[in-house]
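Required output: the full structure, derived from the provided sequences and hints.
Here this note's numbering is used: the first residue of the sequence shown is 25, the next is one more, and so on.
Since the hints were derived computationally from the structure, they do not count as laboratory data.
It should be emphasised that the depicted structure is a prediction, and the values quoted were computed from it without experimental measurement.
Any given hint could turn out to be false.
[Said to hold, decoys possible] Mimicking BS3-like on lysine-lysine, the simulated pairs with C-alpha atoms at most 25 Å apart in a straight line are:
| hint | residue 1 | residue 2 |
| --- | --- | --- |
| 1 | K86 | K113 |
| 2 | K40 | K117 |
| 3 | K41 | K86 |
| 4 | K86 | K40 |
| 5 | K28 | K40 |
| 6 | K124 | K86 |
| 7 | K113 | K41 |
| 8 | K46 | K124 |
| 9 | K41 | K124 |
| 10 | K86 | K46 |
| 11 | K28 | K41 |
| 12 | K40 | K113 |
| 13 | K86 | K33 |
[As the list claims (entries may be wrong)] Per label pair, the in silico range of CB-to-CB distance:
| hint | residue 1 | residue 2 | range |
| --- | --- | --- | --- |
| 14 | K124 | D88 | 22 to 32 Å |
| 15 | K124 | K33 | 37 to 47 Å |
| 16 | L105 | K40 | 41 to 51 Å |
| 17 | I128 | L32 | 44 to 54 Å |
| 18 | E130 | E27 | 49 to 59 Å |
| 19 | S26 | S61 | 35 to 45 Å |
| 20 | G78 | K41 | 15 to 25 Å |
Idealized CB from N, CA, C, for every residue including glycine.
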Amino acid sequence: MSEKSDILKEISDLTKKRSSYKGQVTTFIGYLSSFESSSPPEQRDFGELELRVGRLDSLYAKFDDVQTRLECICDDVTYVLEEREEFEKRYFKTLSQAQKLSQIIESL
25 MSEKSDILKE
35 ISDLTKKRSS
45 YKGQVTTFIG
55 YLSSFESSSP
65 PEQRDFGELE
75 LRVGRLDSLY
85 AKFDDVQTRL
95 ECICDDVTYV
105 LEEREEFEKR
115 YFKTLSQAQK
125 LSQIIESL
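Below is the structure:
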(Lines of atoms letter the chains of each structure in order from A; the text may use other names.)
(Lines give C-alpha, C1' and ligand atoms only; values in the text may rest on other atoms or scores of the structure.)
Protein backbone atom coordinates (compact mmCIF):
# COMPACT_ATOMS: atom_id res chain seq x y z
CA MET A 25 0.00 0.00 0.00
CA SER A 26 1.08 3.52 -0.61
CA GLU A 27 1.44 6.09 2.15
CA LYS A 28 -1.65 7.94 0.92
CA SER A 29 -3.82 4.82 0.98
CA ASP A 30 -2.51 3.99 4.47
CA ILE A 31 -3.55 7.45 5.65
CA LEU A 32 -6.97 7.13 4.01
CA LYS A 33 -7.51 3.78 5.72
CA GLU A 34 -6.46 5.25 9.06
CA ILE A 35 -8.83 8.18 8.58
CA SER A 36 -11.65 5.76 7.79
CA ASP A 37 -10.91 3.64 10.86
CA LEU A 38 -10.64 6.66 13.15
CA THR A 39 -13.86 8.13 11.77
CA LYS A 40 -15.68 4.87 12.55
CA LYS A 41 -14.36 4.92 16.12
CA ARG A 42 -15.39 8.55 16.52
CA SER A 43 -18.88 7.68 15.25
CA SER A 44 -19.09 4.90 17.81
CA TYR A 45 -18.20 7.31 20.61
CA LYS A 46 -20.79 9.79 19.39
CA GLY A 47 -23.35 6.97 19.35
CA GLN A 48 -22.49 6.07 22.93
CA VAL A 49 -23.21 9.65 24.01
CA THR A 50 -26.53 9.48 22.18
CA THR A 51 -27.36 6.21 23.96
CA PHE A 52 -26.54 7.81 27.31
CA ILE A 53 -28.77 10.79 26.48
CA GLY A 54 -31.62 8.35 25.84
CA TYR A 55 -30.95 6.58 29.14
CA LEU A 56 -30.83 9.89 30.99
CA SER A 57 -34.14 10.99 29.46
CA SER A 58 -35.85 7.77 30.48
CA PHE A 59 -34.24 7.92 33.92
CA GLU A 60 -35.51 11.46 34.50
CA SER A 61 -39.06 10.64 33.43
CA SER A 62 -39.44 7.28 35.20
CA SER A 63 -40.58 6.46 38.72
CA PRO A 64 -40.16 8.77 41.72
CA PRO A 65 -36.51 9.75 42.33
CA GLU A 66 -36.17 7.66 45.47
CA GLN A 67 -37.04 4.50 43.52
CA ARG A 68 -34.54 5.03 40.71
CA ASP A 69 -31.36 3.00 40.44
CA PHE A 70 -28.76 5.51 41.53
CA GLY A 71 -26.01 2.90 41.33
CA GLU A 72 -26.62 2.32 37.64
CA LEU A 73 -26.58 6.05 36.99
CA GLU A 74 -23.20 6.36 38.75
CA LEU A 75 -21.77 3.48 36.71
CA ARG A 76 -23.00 4.98 33.46
CA VAL A 77 -21.58 8.40 34.35
CA GLY A 78 -18.23 6.74 35.07
CA ARG A 79 -18.30 5.10 31.69
CA LEU A 80 -19.17 8.42 30.06
CA ASP A 81 -16.21 10.02 31.84
CA SER A 82 -13.80 7.48 30.35
CA LEU A 83 -15.33 7.89 26.90
CA TYR A 84 -14.01 11.43 26.54
CA ALA A 85 -10.36 10.36 26.71
CA LYS A 86 -10.94 7.80 23.96
CA PHE A 87 -12.72 10.35 21.80
CA ASP A 88 -9.98 12.91 22.38
CA ASP A 89 -7.24 10.48 21.29
CA VAL A 90 -9.07 9.61 18.06
CA GLN A 91 -10.07 13.20 17.36
CA THR A 92 -6.56 14.56 17.93
CA ARG A 93 -5.13 11.99 15.53
CA LEU A 94 -7.70 12.97 12.90
CA GLU A 95 -6.85 16.64 13.39
CA CYS A 96 -3.18 15.82 12.77
CA ILE A 97 -3.64 13.82 9.56
CA CYS A 98 -6.73 15.28 7.84
CA ASP A 99 -6.51 17.88 5.13
CA ASP A 100 -9.87 19.46 6.02
CA VAL A 101 -9.08 20.53 9.58
CA THR A 102 -12.07 22.88 9.72
CA TYR A 103 -14.54 20.01 9.36
CA VAL A 104 -12.65 17.91 11.90
CA LEU A 105 -12.61 20.76 14.42
CA GLU A 106 -16.36 21.27 13.92
CA GLU A 107 -16.84 17.60 14.79
CA ARG A 108 -14.89 18.13 18.03
CA GLU A 109 -16.94 21.19 18.92
CA GLU A 110 -20.23 19.38 18.30
CA PHE A 111 -19.17 16.35 20.33
CA GLU A 112 -17.86 18.42 23.23
CA LYS A 113 -21.05 20.49 23.44
CA ARG A 114 -23.22 17.36 23.62
CA TYR A 115 -20.83 15.52 25.91
CA PHE A 116 -20.38 18.25 28.52
CA LYS A 117 -24.05 19.24 28.51
CA THR A 118 -25.05 15.61 29.04
CA LEU A 119 -22.45 15.03 31.74
CA SER A 120 -23.59 18.18 33.54
CA GLN A 121 -27.22 17.05 33.45
CA ALA A 122 -26.26 13.63 34.81
CA GLN A 123 -24.24 15.16 37.63
CA LYS A 124 -27.11 17.46 38.58
CA LEU A 125 -29.47 14.50 38.63
CA SER A 126 -27.02 12.57 40.82
CA GLN A 127 -26.89 15.45 43.27
CA ILE A 128 -30.67 15.61 43.45
CA ILE A 129 -30.94 11.90 44.11
CA GLU A 130 -28.18 11.96 46.73
CA SER A 131 -30.00 14.72 48.61
CA LEU A 132 -33.16 12.62 48.98
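Each hint, compared with the structure:
no.: 1; hint: K86 with K113; result: holds (16 Å)
no.: 2; hint: K40 with K117; result: holds (23 Å)
no.: 3; hint: K41 with K86; result: holds (9 Å)
no.: 4; hint: K86 with K40; result: holds (13 Å)
no.: 5; hint: K28 with K40; result: holds (18 Å)
no.: 6; hint: K124 with K86; result: holds (24 Å)
no.: 7; hint: K113 with K41; result: holds (18 Å)
no.: 8; hint: K46 with K124; result: holds (22 Å)
no.: 9; hint: K41 with K124; result: violated (29 Å)
no.: 10; hint: K86 with K46; result: holds (11 Å)
no.: 11; hint: K28 with K41; result: holds (20 Å)
no.: 12; hint: K40 with K113; result: holds (20 Å)
no.: 13; hint: K86 with K33; result: holds (19 Å)
no.: 14; hint: K124 with D88: 22 to 32 Å; result: holds (23 Å)
no.: 15; hint: K124 with K33: 37 to 47 Å; result: holds (42 Å)
no.: 16; hint: L105 with K40: 41 to 51 Å; result: violated (19 Å)
no.: 17; hint: I128 with L32: 44 to 54 Å; result: holds (47 Å)
no.: 18; hint: E130 with E27: 49 to 59 Å; result: holds (53 Å)
no.: 19; hint: S26 with S61: 35 to 45 Å; result: violated (53 Å)
no.: 20; hint: G78 with K41: 15 to 25 Å; result: holds (20 Å)
The earlier numbered hints that this structure contradicts are 9, 16, 19.
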